[in-house]
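Produce the entire structure from the sequences given, and follow the hints as far as they go.
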Amino acid sequence: MLNMLLENSRNEKINRTFIKDEVYDTLSNWIITGYLEPETKININSLSEKLGISRTPIREAILKLENEGLILSKANRWTIVAPIDLDASFYTYSVVASLEMLALEQAFDKIDDDFINNLQKINAKLDLAFKNLDTMELLNYDNEFHDSFIYLSGNPELPSIIHPLKKKIQRVELSFFKDNDGKSNTFGEHKALIDALKKRDLELAKLCLKANWYNSINLVKEKNKRK
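Quick note: the sequence shown uses the working numbering, first residue 8, plus one each step.
Just so you know, the hints here were simulated from the structure itself, not pulled from any lab data.
Do not rely on the hints blindly, as some may be mistaken.
Claimed, not checked - Using 30 Å as the maximum straight-line C-alpha spacing, the simulated DSS-like pairs for lysine-lysine come out as follows:
(1) Lys71 to Lys128
(2) Lys128 to Lys174
(3) Lys198 to Lys228
(4) Lys217 to Lys132
(5) Lys228 to Lys213
(6) Lys174 to Lys71
These numbers come from a predicted model, not from an experiment.
Here is the structure:
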């Protein structure tokens, strides 16, 4: 299965200057977007040949992805793309929601009109991506929106904890919402958060942020029931 996918994939060789990070980013993106489907067998030799690099950075990337829960392996037997575990993903959503509310709390005193204006611009781009049915762009702007206050918090621990968890969430959402049907409320939920920030109402802003995440959880659950 992997060999067939690799034959049809892009032919660019990875820049050797950033081999380790590039391999990780490439494999991570393939898994998140579903290019490498759940339970696809990973063949290091095939990846090495396709990407035009040695097996060592591929092994390193696979180990990192395994630590993040995107790849599963059994020593000397098999390595596969991890299946999507919906029950586990619901816990992931709740953890990310809690951490982002912490980020918002820690960033709150630094939020000014320029920051709020930037959030509005990002949200407008997100809305355009939704209207254009561009799911990847929508998710990218959604990440940019949330990352704005994660980084503003100044807490160096939060990005390294939140971002790997968000990859699992993006994988779920790209699997369930290929046609954007689960993202119709995102713009409005972000707008409610922005309005709360304009009022300098921290507790309301945290409630809006929590609602944004938990509405996503509920949409996934509903979508799964209809499958």
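**Asked** Do the alpha carbons of Lys198 and Lys228 lie within 30 Å of each other, as the hint requires?
**Response** The given pair, whose Cα atoms are some 24 Å apart, holds under the 30 Å limit.
Does Lys213 sit within 30 Å of Lys228, going by the straight-line distance between their CA atoms? The given pair, whose Cα atoms are some 23 Å apart, holds under the 30 Å limit.
- Item | Hint consistency between Lys128 and Lys174 [alpha-carbon to alpha-carbon, up to 30 Å] | Holds, because 24 Å separates the two Cα atoms, which is no more than 30 Å.
Query raised in the report: Has the given pair, Lys71 with Lys128, been kept, meaning a C-alpha gap of at most 30 Å?
Result: violated, 34 Å
Taking 30 Å as the top limit, are the C-alpha atoms of Lys217 and Lys132 close enough? Since the Cα atoms of Lys217 and Lys132 sit roughly 22 Å apart, the hinted pair holds (cutoff 30 Å).
Next item on the list: Starting from Lys174, check that the Cα of Lys71 is at most 30 Å away, please.
Entry: holds, 13 Å
Consistency note: the structure conflicts with earlier hint 1 alone.
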